[in-house]
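**Q** Fit the two chains together into the complex; they arrive one by one in their own frames, and the hints show the way.
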Amino acid sequence: MMVNIRVNGKQYKKDIEPRLLLVNFLRDELNLTGTHIGCDTSNCGACTVLMDGKSVKSCTVLAMQANNHEITTIEHEDPELDAIKDAYVEEQGLQCGFCTPGMIIESFYLLKNAGDKEVDDDYIKKNLRGNLCRCTGYRSIIDSIKKANKNIKEREEIHVSR
Amino acid sequence: MYPEKFQYFAPSDMASLEELLDKYKDDSKILAGGQSIIPLLKMRFTSIPNIIDISNISGLSFIKHNNNLEIGPMTRTAEVAASNTISVNCPLLFDAAGKVADPQVRNMGTIGGDICEADPRNDMPAVMLALNAEFEITNSSGKRTLNSSEFFKDAYTTALDSNDILTKISIKNTGYHGKYFKYTTLASDFAVFAVAINMKLNSDGTVKDIGIALTNVSSTAVKAEEAETYLIGKKIDDKTSEEAFNKLSNIIELDDDYNGTKEDKEKILKNIFVKGLKEVYGDSK
Ligand code: FES
Ligand code: FES
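Chains A and B are the protein sequences, given in the same order.
Just so we're aligned: 35 in the working numbering is position 35 of the first sequence, and the numbers increase by one with no gaps anywhere.
Just so we're aligned: 106 in the working numbering is position 106 of the second sequence, and the numbers increase by one with no gaps anywhere.
Treat the hints with care, since some could be wrong.
Said to hold, decoys possible - Quick list of simulated restraints, FRET-style, between CB atoms:
| no. | chain 1 | residue 1 | chain 2 | residue 2 | range |
| --- | --- | --- | --- | --- | --- |
| 1 | A | Gly97 | B | Asn246 | 51 to 57 Å |
| 2 | A | Gly34 | B | Ala155 | 35 to 41 Å |
| 3 | B | Thr46 | A | Asp78 | 35 to 41 Å |
| 4 | A | Gly137 | B | Lys25 | 48 to 54 Å |
| 5 | B | Lys172 | A | Lys150 | 46 to 52 Å |
| 6 | A | Tyr123 | B | Lys275 | 22 to 28 Å |
| 7 | B | Ala155 | A | Asp78 | 41 to 47 Å |
No lab work stands behind these hints, which were simulated from the structure alone.
Please read these numbers as outputs of a predicted model, since none were measured by experiment.
The C-beta atom is built at its ideal place from N, Cα and C for all residues, glycine as well.
So that you can see chain B by itself, here it is in the shape it has in the complex (with noise of 0.2 Å):
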């Protein structure tokens, strides 16, 4: 299968990089990884007339640990989930990127691709929103920081402006707990559904805070605010954990499609939302 024919850019720097965004604006789009736009492309869901290749540009590929966690965009997966200081410092994230499709994708498939592309699908979105995290976006009039709660619109939808760049990811909420909860069938490494959950408590016992999100049960993914302001100060058992799962109706929509019908979907999210938040809990005590 071929894409439709477009014509394909690699600049070397940012400045070249931030022209040719200017020049072509909608009808062009940045090219990370490839992992999510090219099937879309051969598939022709989409077409887009001019495709700008990022991986000549230096230092867009890092991970750091300072006061935060700072990791470039271009950064592949694969050492995402190979990275000591990730594994040490974002439990949540080291998980999650493990988790992500399957070998291959994972060495050519980036944290920045997956965040931008924004399919419903993608893990990281999820994984954003449970942490915190911070974008740093530049384009040729400057720079500026937007919280991944603002980022993530619609299905293949973000905050960005058809000229902006993600330069970088933070991190504040590092020394957590975390984990991944991805329920797949053995027929696509997609999610049928996820759920992403950082942790940290008090020395009694009690949640200090928590970020709690969810992979493809909307058009995006969804942080669950309710479910996170209810839990601070508790202790999560049986009854909580129940309770704040019953805080997402607003957020889930859920359907009867080839992986279930919806009661049958909700009992498994249901089953998968109450052990994750006990097992990130007994993993934290």
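Only chain A is shown next, with the shape it has when bound in the complex (with noise of 0.2 Å):
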């Protein structure tokens, strides 16, 4: 069946079949693997996307439900999604990676819809609650999410300021 899919401002038409994943249409039909398959049964997070802004699972999404709508992964070019790539790399918030792609595009998602909330630990340990890391603890992604809107607040007043 055909799909008209958006991914990260690129539009893309395929001819798939039904019961291929949103996962497995970016990974091997337009080779996007930043996008990581854990566990395959909606729990780890790994495979977190936006879908028109909204984070979802993406292995649990048929890539179907997807036609006509927009996706965001890991790969997009956005200076927000740059400044929480290296807030992680500065606060050390990965040890072997898998889980990162995950944690970083809810990270964008929990960033971007904190509204007039504190973006504090409890914020950010209520909207990690769909991804699992099993290295680091989790202690370091809190604080590379903090440090992220701390970067992108400051980006913010300079832009004002300017």
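**A** Following this line, the structure appears as structure tokens:
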């Protein structure tokens, strides 16, 4: 069946089998292998991508369900996403790195949707409930997200004052 | 992991959906958000020859409050958990929706899918029972209304026929106090068990109306009718809430499993139940 999916700003039209999962569409059809498959059972969040700006587990979404929708993956070029990646490096928010693409996309989502909520431990932990990491113990991930939030806010202030 | 092969349809209006369901009947299933059914298909616990995605049909996603609270089945769980209308009129539903699985699953999953899949571990069935919700069911020959208490039959089994579509969820019991007490382990976001409580008091502090239902203590969500009847007209304290717990014995079937022994689980459930009743009672005063 034909699908039209916009991924990281680029339109793709492909003929696929209906049972193809979104994560396999991204990795095997488009060769965007940044999105990982961890558990393959909706538990770990390594496969997290954004669909129309909302985070979803791409191992639990059919590619057909993304037809005519917009997907954002870890490969997306965006200054805010870059700032989060930098913060993960600065705070050592990763060890083996397997969970990291999902962690970063979920971080991107939770920072964008914080509104007037404070990005504190509590808020981060609640919103990372669907992402598992077997290495870091999460402390450095939480610190990375706080750092990213700070960096993004500071950059916005510089923009305004200029 | 791949599901077995299936045909995929995404009708854009109700008439085409009804036609497809009439044609494929038991060989078809509606796909809402897919957060319950896709894992089952992937693990090949089930296989469905014809999958009918209803996300392109407009008018199935809404949250309205006039006299009743009305919710469209395709409303995403995350939208329920963020809705001001629901938070004001139906705190139990608001609290429970925010406790379903994790943010990603809530973004994709829908309230109607959670109800109709009727996985005994799903949260919405018990919430609907505690709220005394009514379901508008549509098929090619018309519409009918079913009360939640006659809807959940068994694990993954509801009163829906193969060509039925849940088209609206109505909640009359708004303006109550309520909470969803969900006990989970770290390894899974599914409830080991959970208690949904919806309560309204008389001016003298006695219970005017109460809805109580439990998740995952049996093959389907269960309404604690005996406990509800017992508590009406009473004040809630240690004694009455423990007595209410004793009235559950006919409806709960706990077994030893990897979450704990039957005895341990009963202790924890009792604790949650009694504390929960007292907490909602405290909020209602
Ligand atoms: S691979 Fe999708 S949640 Fe783990
Ligand atoms: S860094 Fe190894 S799983 Fe998270």
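**Q** Can you give the numbers of the hints that this structure goes against, from lowest to highest?
**A** Failing hints: none at all.
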